[in-house]
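Chemist: Below, each chain spelled out in residue letters.
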Amino acid sequence: MADGGVLLGLPGLGVPGPAAPMRLTVALADGGAATVALHVAGAGLACCSVELVAAALRRPEARAAGLAEAGTETDAVDVLVVSGTCTDVLAPALAALHASLPAGTPVLSFGACASSGGPYWDSYSVTKGVDQVVPVDVYVPGCPPRPEALVDGLRRLPGVAR
Amino acid sequence: MSDAQEPAATDDGGYAVPARSRGVITLVEENCTVCMLCARECPDWCIHIEGHTETLPADEVHRRPRTENVLDRFAIDFSLCLYCGICIEVCPFDALHWSPEHEYAGTSLTDLTHERERLAAWEATAPTEAQRDA
Amino acid sequence: MSALVEAVQAAVGGHVLAVVPGFGPVTVDVAPEAWHPAVAAAAAAGATYADFLTAYDELGLGFAVVAHLSTRDASDHLLLRTRVPRDRPEVATVVDLHRGLAWHERATHEMFGIGFVGNDDLTPLRTQPALGAHPLRKDFVLAARVARPWPGEKDPAGDTGRARRRTLPPGVPEGWGEQA
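Protein chains in written order, with the working numbering: chain W, 1 to 162; chain U, 163 to 296; chain Z, 297 to 476.
A few of these clues could be false.
Claimed, not checked - Sample of chain Z residues facing chain W (criterion: CB under 10 Å; computed from the structure): (1) Val413; (2) Asn415; (3) Arg422; (4) Ala429; (5) Pro431; (6) Phe436; (7) Leu438; (8) Ala439; (9) Ala440; (10) Arg441; (11) Arg444; (12) Gly448; (13) Leu464; (14) Gly467.
What the hints assert, rightly or not - With a cut-off of at most 35 Å between alpha-carbon atoms, the simulated DSBU-like pairs for lysine-lysine come out as follows: (15) W:Lys128 x Z:Lys434; (16) Z:Lys450 x Z:Lys434; (17) W:Lys128 x Z:Lys450.
Claimed, not checked - Just the calculated beta-carbon pair ranges, DEER-fashion: (18) Z:Arg444 x U:Glu216: 23 to 33 Å; (19) Z:Pro469 x U:Pro180: 51 to 61 Å; (20) Z:Thr419 x U:Thr172: 18 to 28 Å; (21) Z:Phe436 x U:Glu212: 41 to 51 Å; (22) Z:Leu464 x U:Ser270: 26 to 36 Å.
It is worth saying that the hints were derived from the structure and are not from the lab.
The structure presented is a predicted model; accordingly, all values stated were derived computationally and were not measured.
We put the beta carbon where it would ideally sit given N, CA and C, even for glycine.
Bound conformation, chain W alone (with noise of 0.2 Å):
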């Protein structure tokens, strides 16, 4: 389970918004733990950022410190995390969100519409999976999946996952 949580960024697209760490404590093979700090700038397009919110402000304390903690550097940031409907008019400007992120920023995909389109896979304005506008690395399914399970998806990031 997260052994914190610090202010998630929430940005409205295009500024990647505070990017406060997000530690995550991660069974290694040879039996021990290790924790990992993770920037994380949450591109929350419709209701699945609801739970993006959720997961990021779990610590009662960490509400109070992370709104004063606003930093936006770019640099710093570890993963992507897409949540929520992505119209086929909003893909270009996802795009041009995750070009200007440092080059190989994992993505995760959070949430059925982010996925595949999920319970709006037959519209005629929806873009089917994110997945066809930015390379995605790990897939959380859920409508909207739970805090916990976006916590199971940043586990098997590249980089994290062991």
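With chain W held as given, fit chains U and Z onto it using these hints.
Modeler: Frame of chain W; chains U and Z shown alone:
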């Protein structure tokens, strides 16, 4: 719902996952008659079922030959699933149940399609009927 | 009787086609040429909050355009409705009375193809111009449902040898789908 049912708080400021949470769907194969109702009613078209019929010959108990549906494939694509529960509600034979398990993210989309073996394995974490009605 | 309904009746009198009570607000049906005066009369009588403006497809009867108007303190509200013919779907704009309805008129134009005369910004919100159709019209078929094989179509019994009509999934009308 009494106060005793309130989910327990965890030390990171969250809540324990309730037993009746809609985490993943499990299949009890012995109940499935391949009626295809769940696949037809799923709004996402994410349940993939294949089956065939077999004819069982007449014997002392059954005076006439009868046909039976046999399940070949039962898969749920969780990348599409919207966790509405229509499949579970519509199944006339109580073959589908909710389980609160939610940690099954994948590094590729195909990881999110669970075939019958994986669906059956989730049954271990599904609440029993008594727990559901508590 | 609601003061708003009375105000509308006083203003456009002969163009009021019906006053229909409902579970919520009363619905006042007016002729399309009285649309702007009716909204103006309601606004003058205190309905300065425009909740939404939308439409629905009534097939042979045309398109119904509906607006929900309310007083600021929610003490009174009404639904104003008009019907425009399918071959000439247009009605006067009301953005001069309620600026907030600009988004609604754009969305209604995009989804139904209804023209709002006097509103020169009806840019689509979420569809590409290349779509070339209005998605909420009842004759708009979601192509994905036609093209994608429906898992519910399968039958363990398979082809019994009798000629069997292909089962169409919900949302796909007769005549669409695999040809031959």
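Chemist: Hint by hint, note whether the structure agrees.
Modeler: Verification of the hints:
1. Val413: violated, 26 Å
2. Asn415: violated, 21 Å
3. Arg422: Check passed: Cβ of Arg422 of chain Z comes within 5 Å of chain W, closer than 10 Å.
4. Ala429: Result: holds, 8 Å to nearest chain W Cβ.
5. Pro431: Because about 5 Å separates Pro431 of chain Z from the closest Cβ in chain W, which is inside the 10 Å limit, the hint holds.
6. Phe436: For Phe436 of chain Z, the interface hint holds, since the closest Cβ of chain W sits about 8 Å away, which is under 10 Å.
7. Leu438: At 5 Å from the nearest chain W Cβ, Leu438 of chain Z passes the 10 Å test, so the hint holds.
8. Ala439: Constraint on Ala439 of chain Z satisfied, holds at 8 Å.
9. Ala440: holds, 4 Å
10. Arg441: holds, 5 Å
11. Arg444: holds, 8 Å
12. Gly448: violated, 14 Å
13. Leu464: With a closest approach of 14 Å, the Leu464 of chain Z hint is violated.
14. Gly467: Holds, because the Cβ-Cβ distance from Gly467 of chain Z to chain W comes to roughly 8 Å (cut-off 10 Å).
15. W:Lys128 x Z:Lys434: Holds. Lys128 of chain W to Lys434 of chain Z sits at ~23 Å (cutoff 35 Å).
16. Z:Lys450 x Z:Lys434: holds, 27 Å
17. W:Lys128 x Z:Lys450: holds, 24 Å
18. Z:Arg444 x U:Glu216: 23 to 33 Å: Between Arg444 of chain Z and Glu216 of chain U, where Cβ atoms are some 30 Å apart, the hint holds.
19. Z:Pro469 x U:Pro180: 51 to 61 Å: The hinted range 51 to 61 Å is violated for Pro469 of chain Z and Pro180 of chain U, with Cβ atoms some 42 Å apart.
20. Z:Thr419 x U:Thr172: 18 to 28 Å: violated, 48 Å
21. Z:Phe436 x U:Glu212: 41 to 51 Å: Given about 32 Å between the Cβ atoms, the range is violated.
22. Z:Leu464 x U:Ser270: 26 to 36 Å: Given range 26 to 36 Å: holds, Cβ gap about 32 Å.
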